[in-house]
Amino acid sequence: MTLEEVQALVTRAPYHQWLGLKVVSFGGGEIEIRATWREEWVVNPDRRYTHGGILAALVDLAADWALGAELGRGIPTVDMRVDYHRPAMPGDLICKGKIVRQGGMFSVAEASIFDLDGKLCASGRGVYLTAPPK
1 MTLEEVQALV TRAPYHQWLG LKVVSFGGGE IEIRATWREE WVVNPDRRYT
51 HGGILAALVD LAADWALGAE LGRGIPTVDM RVDYHRPAMP GDLICKGKIV
101 RQGGMFSVAE ASIFDLDGKL CASGRGVYLT APPK
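The sequence shown lines up with residues 1 to 134 when you count with full-length UniProt numbering.
To be clear, the hints were calculated from the coordinates, so they are not data collected in a lab. We put the CB at the ideal spot given by N, CA and C, even for glycine. One or more hints might be untrue.
[To be verified] Below 30 Å or equal to it, Euclidean Cα-Cα: the simulated DSSO-like pairs (lysine-lysine) are:
(1) K119 / K22
(2) K22 / K96
(3) K98 / K134
(4) K119 / K134
(5) K98 / K22
(6) K96 / K119
[What the hints assert, rightly or not] Now the in silico label distances, taken between C-beta atoms and shown as ranges:
(7) P132 / G28: 18 to 26 Å
(8) G91 / L129: 28 to 36 Å
(9) W18 / P45: 29 to 37 Å
(10) G20 / G118: 34 to 42 Å
(11) P45 / G103: 39 to 47 Å
(12) M105 / P45: 39 to 47 Å
(13) G53 / P76: 28 to 36 Å
(14) V43 / P132: 24 to 32 Å
(15) E30 / F106: 38 to 46 Å
(16) P133 / P45: 39 to 47 Å
(17) F106 / N44: 21 to 29 Å
(18) R81 / L116: 36 to 44 Å
(19) R38 / G104: 22 to 30 Å
(20) A131 / N44: 17 to 25 Å
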């Protein structure tokens, strides 16, 4: 697949468009996606950090699309965990996903979310249903 084809798959969903996802690179079971920061991500107007649900979504998306770019399609999440390491302050986020194990029925991938200073904000791992569609 080309970068443009993966970008089209990733941004097919309106929510992914709203997140401002831009595929930076992919290949070898890895993907890097940049998420364009939005004011609507702020959960605490006084402290201005990003809602944890946005970070969890980005973990899921980066892990999912590390697999999806290899398979050429979106895949459902079966299970996922997220660890929050530091507040994500206003600014774009870099999402890096990597396949841990690709199986015929289920696969595992992990992701890390960084701010533009390279500081780790969140990380996680998911299990995905990668069985061929019927």
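To see whether the hints hold, each was checked on the structure:
no., hint, verdict
1, K119 / K22, "holds, 19 Å"
2, K22 / K96, "holds, 12 Å"
3, K98 / K134, "holds, 26 Å"
4, K119 / K134, "violated, 41 Å"
5, K98 / K22, "holds, 17 Å"
6, K96 / K119, "holds, 13 Å"
7, P132 / G28: 18 to 26 Å, "holds, 22 Å"
8, G91 / L129: 28 to 36 Å, "holds, 33 Å"
9, W18 / P45: 29 to 37 Å, "violated, 20 Å"
10, G20 / G118: 34 to 42 Å, "violated, 20 Å"
11, P45 / G103: 39 to 47 Å, "holds, 44 Å"
12, M105 / P45: 39 to 47 Å, "holds, 45 Å"
13, G53 / P76: 28 to 36 Å, "violated, 19 Å"
14, V43 / P132: 24 to 32 Å, "violated, 39 Å"
15, E30 / F106: 38 to 46 Å, "violated, 19 Å"
16, P133 / P45: 39 to 47 Å, "holds, 43 Å"
17, F106 / N44: 21 to 29 Å, "violated, 37 Å"
18, R81 / L116: 36 to 44 Å, "violated, 25 Å"
19, R38 / G104: 22 to 30 Å, "violated, 38 Å"
20, A131 / N44: 17 to 25 Å, "violated, 41 Å"
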